[in-house]
Amino acid sequence: MANAPERFDAVFLPDGVSKISYEHPMNDPSTAVFRIEREDHTIGNLLRMQLLRDKNVIFAGYRQPHPLQHHIELRVKVKQPSSLSEESPVTALIEAITDLDQELNLLQDRFQFAVGRAQAAQSETG
Amino acid sequence: MENGPSAAPGRRELPEHLERTRRHIEIGATRPSNVEARHAHDAYAALGVTNALDLAAFERELRVVVRSNTHDELVFEMQGIDAPLANAFRRIMLAETPTMAVEHATFVDNTSIIHDEILAHRLGLIPIMADPREFDYHSPGEPFSEHNSIKMVLDVECKVRADAVPDAPASQRFENASVYSRQIEWIPIGAQGDRYADNPIRPVHDDILIAQLVPGQRIHVEMVCIKGTGHMHAKWSPVATAYYQLMPVVEIRADSGSRIVGAHAQQLQKLCPGNVFDIESVPGSGLAVATVARPQSCTMCRECIRDKPWADQIRLSRVRNHFIFSIESTGALPAYQIFLQALEIMVAKCTEVKKKLEAASRGLPSSSSAAARTAQGASRTGTASASIGAPLSTIDEDDDLTNPNRS
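Keeping their order, the protein sequence lines are chains A and B.
So the first sequence is residues 1 to 126, counted in the UniProt record's numbering.
So the second sequence is residues 1 to 407, counted in the UniProt record's numbering.
No lab work stands behind these hints: they were computed from the structure.
Careful: at least some of the hints might be erroneous.
[As the list claims (entries may be wrong)] Across the chosen pairs, the derived CB separations fall in these ranges:
| # | chain 1 | residue 1 | chain 2 | residue 2 | range |
| --- | --- | --- | --- | --- | --- |
| 1 | A | Q69 | B | T111 | 42 to 48 Å |
| 2 | A | D9 | B | P169 | 45 to 51 Å |
| 3 | A | Q69 | B | V153 | 24 to 30 Å |
| 4 | A | Q64 | B | Q183 | 24 to 30 Å |
| 5 | A | D9 | B | I187 | 27 to 33 Å |
| 6 | A | S123 | B | P309 | 49 to 55 Å |
| 7 | A | Q122 | B | E117 | 42 to 48 Å |
A quick note: this is a predicted structure, and the numbers were derived from the prediction, not measured.
Virtual Cβ for every residue (Gly too), placed ideally from N, Cα, C.
Please build the complete structure, drawing on both the sequences and the hints.
Rendered as structure tokens:
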């Protein structure tokens, strides 16, 4: 077991490594590949879906390069920036996460309400 | 793209047959079809219909209904979300929601027939009744404290009872012939004794069989529980299972020519294991017609459409955005709390990624270690990199972000 990877290595971000970084392949400012550390399909697939719903995004895809590499690569291409829009892959991702955050807040409210109502009904019936 | 006069921007209605493909997954006798969901904003652009995210519509269509709620199991319906979101919840509940579990077992004595390693594994899998939110993660090398660990001892020895009847079964002749989880004793560290006086830390279940002994055998093991997640080892998973299914839909075509009547209706009702169908008589005609009475009991076994003369008259499908979640807790946390925690963990993930990204796009070096610890998955202290063995880079990774053109 001497060369077994540490269990926590898959979960905890080592010091000095940034959670998210990105680069523009082929020097194309409308495309970015984000590298998100210590995340997997849970977030990857979710962000991909959220990005595809964005009108300015023309491509979104993700991959985990290897099961023993604990990061995902998220590739995003947006419409070519025009004088009217300041859209970039970074703003698209920030917006996607903001939308997701709002959905989650709403979901949390609804869920707590539903559970509260179920508990109230339970205590009434006995 | 928006070429017709009816192509109002933001219009969301599709022609009926396309709306059906958007809403339903069809279940055929041999295979499911129309499985892929269409997430792209321009999936229906040719029809002038937008598929883009609309938060107002999301709010309108989102429905959460609890079906049953006990401490150990929660069943609830969530309508209006997409599969990636539902799957993210499931994965976070299974693998990323923390609990406490035995991680270190020190054997003082073990003369039982169970090997140390096997026994240690069994002890690890015992659910511990302790609120993980009140504990910190323990980093390797860090001393165990009242804030990051729980100490427990199991010390049992099997003896012949003084009043034993010679031919009685072993369980009556011997003391401690079976070792149960209730014999694990919690040793409070520091102020833990006062803090958890009302709800002492203990195994969730009293009657988990750990080992069986014969007279003269003894198990004496000291244990340390720490906080962890299912990602590292399944023993830290707070759920026995967490799964979802899509809402089943069973339809019998309504037009009179294709109703299922008479002997066929009888056969259909009989063969369905889920007892989905009823038989109703049509007033005046004396006809017995099969009707769908309990569609939610359908398990999609497809018995009703497999090589049957009426197969064309029945249509089975699932609603793509209607999830029935089942969460079975191991007992350490109430089932509904596990889902709430999963939500919080997801919000924390979003916040962390967003904050770092905003800092990076402004070209500011973000203080990686400070912000990382605010997030759930990274709330460990100390220098993890030293113990992991990764060389401390002299280049601040965040600097790279200020140069978007690096390759």
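Structure-based check of each hint:
Roughly 45 Å separates the CB atoms of A/Q69 and B/T111, a value that falls within the hinted 42 to 48 Å. About 49 Å separates the C-beta atoms of A/D9 and B/P169, a value consistent with the hinted range of 45 to 51 Å. With their beta carbons about 40 Å apart, A/Q69 and B/V153 fall outside the hinted range of 24 to 30 Å. Separation of A/Q64 from B/Q183 is about 44 Å and departs from the stated range, judged on CB atoms against 24 to 30 Å.
As the Cβ distance of A/D9 to B/I187 is approximately 30 Å, the hint placing it in 27 to 33 Å holds. Here the CB-CB span from A/S123 to B/P309 is close to 51 Å, well matched to the stated 49 to 55 Å. The hinted range of 42 to 48 Å is satisfied by A/Q122 and B/E117, whose Cβ atoms lie roughly 44 Å apart.
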